[in-house]
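Participant: Read top to bottom, the protein sequences are chains A and B. Residue numbers for the first sequence follow my numbering, beginning at 1 and rising by one. Residue numbers for the second sequence follow my numbering, beginning at 1001 and rising by one.
Bear in mind the hints are in silico, worked out from the structure with no lab data behind them. A virtual CB, placed ideally from N, CA and C, is assigned to each residue, including glycine. Fair warning: there could be bad hints in the mix.
The calculated label-pair distances, taken between Cβ atoms and stated as ranges, are [to be verified]:
1) B:S1328 with A:P90: 15 to 25 Å
2) B:S1328 with A:G326: 49 to 59 Å
3) B:R1409 with A:Q439: 37 to 47 Å
Derived coverage of chain A by chain B (criterion: at least 3 residues anywhere in the stretch with Cβ under 8 Å from a Cβ of chain B; other residues may be distant) [said to hold, decoys possible]:
4) 72-85
5) 229-241
6) 270-283
7) 313-322
8) 373-379
9) 384-392
10) 415-422
Mimicking DSBU-like on lysine-lysine, the simulated pairs with C-alpha atoms at most 35 Å apart in a straight line are [what the hints assert, rightly or not]:
11) A:K288 with B:K1327
12) A:K243 with B:K1327
13) B:K1327 with A:K431
14) A:K327 with B:K1243
Protein chains: 2
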Amino acid sequence: MSTILLTNAWVLTLDGALTQHETGWVQIDGDLITALGAGVPPVIAKAEIVDCGGDIVMPGMVNTHCHMGMSVFRGLGEDVDDRLYRYILPLERKFVTAEMVRAGSALSALEMIAGGVTTVADMYYFETEVGRVVAEAGMRGVVGQTLADFAPPDHRDFDEGFALVEALVAEFAGHPLVTPSIAPHAPYSTGLAAMERVAAWSADHPDVPVQMHLAESDLEVAWARDNHGTSTVEVVRRAGLLKPGLICAHCLHLDDVDIAHMAEAQVCVATNPRSNGKAGRGIAPVEKLRQAGIPVGIGSDGPMSGNTLDLFSQFAPVSMFAKLLGKSRRPLPAVEVVRMATIEGARVLGMDRKIGSLEAGKQADLIRIELSAARLHPIYDAYSMLVFAALPTDVRDVMVAGRWLLRDRQVQTLDPKKTLRDALQIATAFKAEMARIDQDSQ
Amino acid sequence: MSTILLTNAWVLTLDGALTQHETGWVQIDGDLITALGAGVPPVIAKAEIVDCGGDIVMPGMVNTHCHMGMSVFRGLGEDVDDRLYRYILPLERKFVTAEMVRAGSALSALEMIAGGVTTVADMYYFETEVGRVVAEAGMRGVVGQTLADFAPPDHRDFDEGFALVEALVAEFAGHPLVTPSIAPHAPYSTGLAAMERVAAWSADHPDVPVQMHLAESDLEVAWARDNHGTSTVEVVRRAGLLKPGLICAHCLHLDDVDIAHMAEAQVCVATNPRSNGKAGRGIAPVEKLRQAGIPVGIGSDGPMSGNTLDLFSQFAPVSMFAKLLGKSRRPLPAVEVVRMATIEGARVLGMDRKIGSLEAGKQADLIRIELSAARLHPIYDAYSMLVFAALPTDVRDVMVAGRWLLRDRQVQTLDPKKTLRDALQIATAFKAEMARIDQDSQ
């Protein structure tokens, strides 16, 4: 088993005590962190020594909500209100195939690795392809097969949808990096009966995480009110789906009763500030959720909604939104944002005993952030620097389970040129279809 | 006179018709753009040919509000509400010297050049030093000597303050890149009488732009109400200072009457979304201001407030804030954000006949944006890509007045290592002072 020793690093452990070693080292044996500390590193025969030159070494980031396959749609239909029904669903019905999901997911993996994301929770169609891409890229992923009633591209009804889930679960059973997951799209797009079915299935598969969009749009709030006379969270609760470990994405439209029910049920939340802000949808009550004891991770949402997939892009928005809601500089200090991106995100995915902080015995999922740019200095507080000045392009090296995915900014596990070429080839067809949709609507 | 020919470029001109040449060229003679177009470039003997490999070439960005000297304070006192009086003013009184302003401004210039800012409007103390740094860096600047009544570091009273303004104006009279400016700090920190004095002085110096903070904080609103029984904009109007070309920074707390008065007076606005968002202060009514015919540029504010000085960092916030205010995806489309960062920003500084778009006869202030990153693709719309996916680190080359300031991401005009070292040396002293302030207050 090979040993790697990172030396001369500014180690941010993100452990419970927020231990930092300004001049520290991290020892990695196989896929595990086996020791770390400050000062002079141990002498280990045959270890590969990586002198980090004072750069920051911290846990890899956890993107708790994504639709990787959609990167081929990135930037389509910006600044248009009715784009879900005008563009996204028609485009998905026409173009989403296993090949497209593979190409889009690979482009997304490339971007996330380069930007310091080591673990991603994804939900989309042909999700087995996403799992394969994540595995090939060497990332860690929770990959959720989406179930929906709006004629999605890979299943005609829920029976077919569940069959896809079963196939996904079978393929990745026991995989060291890829965790299969089931993903009812949202309350309004699955309905009470299908959610009850998911809840029953989930009770029989306690190790398969459940992800869903929740309380995201006015449309959804109106659906719950008009069809069930209550809040959208309450509909999920009635379906028996509001339960420990449910990963709820967005969560903008919540009242205090909803939050109390969510806390009691021990669900988790993935907040997507850039996506929600760009949509003009509103600001998630992140402080309230966290104060209620609900773990909140950060998500990029799909690249058609939030455009970029790293978490640095989400840091200023998530922080500013909390401060604007609170009309003060105090809410959600920088260190809490970094926690959300690492250990708390890991908790959202049920993985906090395995990843999310640098501690002996945990998986060696870590990133190195180069501090050469003028923009980053002076550094009075590393967390402030990370949240308000650092960029995904400052990430120099990325490791997952002891394997380098990025070295000197070069992705090691996918072919960058081929990946980009494959994605662009697919994108060409969309331009024509977009033009046709716009033409037809005039 | 040397000729430079940029070829094989995706030229975004930002001219009135928003002309784009997907495969275009730009001819530069001396400090001027002399021709540009699509297709095959002209053959010019002895021209330096730069093949841009399909990268975007667009106008350099205009940062309409900054305090360059403050970069040495970057990241100090985050997440604390009373930081202006608790940290900033005491630190400024104790540490702000001509040497500090020089070191801080140089670090800021380095960051802005690397991030694609070619013109900056600055207001701070010892502003002659800022002007000198801007000139040495080869950037274009509107440098404003600040006047304030709170015992600022470089003048004991307004007589001394005006003497500094006169010296600044004398030093940079006729300078091709640096425009001297006068900068009353804010209504509450200058007062009615001093603003009247600035208005009178300004009438005698019509070519010297006036910059000030306006309608930024609750404190300022309360000051105007308690001392003058009206809005802060109205106090500036009574002082005779609300007049064509006044550069008003922030402008969060405005009612419809204020906006009507501002439009009538033909003032300009510099919005600073990251700074305002981080402070939890609120969202500027950018759409309303622009609909009233007021030009709105984008500013970074000082690096202690907004942390970074490029405009890419401001794009998502300025866009999201407008969409959140309007509860829709439609407000402030991506192309308008890029306009604000270029031609409209130039108009805010009274320079739109000279810079802000790529047109024959204008100054050759332009930037090249490399499109190699996976994160940027596909590109269905260049403006969406710039606003929601591009980063300052995608800027590869920067030119001001025909001179390269950045080539292959290397700053050509300042010594990056020495500049960073000088700034960090100064920052060390602040850490001790911050600790002392925190100690004293316990």
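Participant: Indicate, hint by hint, whether the structure satisfies it.
Facilitator: Quick rundown of the hints versus the structure:
no.: 1; hint: B:S1328 with A:P90: 15 to 25 Å; in the structure: 21 Å, holds
no.: 2; hint: B:S1328 with A:G326: 49 to 59 Å; in the structure: 24 Å, violated
no.: 3; hint: B:R1409 with A:Q439: 37 to 47 Å; in the structure: 42 Å, holds
no.: 4; hint: 72-85; in the structure: holds (count 9)
no.: 5; hint: 229-241; in the structure: violated (count 0)
no.: 6; hint: 270-283; in the structure: holds (count 8)
no.: 7; hint: 313-322; in the structure: holds (count 6)
no.: 8; hint: 373-379; in the structure: holds (count 6)
no.: 9; hint: 384-392; in the structure: holds (count 6)
no.: 10; hint: 415-422; in the structure: holds (count 3)
no.: 11; hint: A:K288 with B:K1327; in the structure: 22 Å, holds
no.: 12; hint: A:K243 with B:K1327; in the structure: 31 Å, holds
no.: 13; hint: B:K1327 with A:K431; in the structure: 28 Å, holds
no.: 14; hint: A:K327 with B:K1243; in the structure: 31 Å, holds
Violated hints, in rising order: 2 and 5; the structure is consistent with all others.
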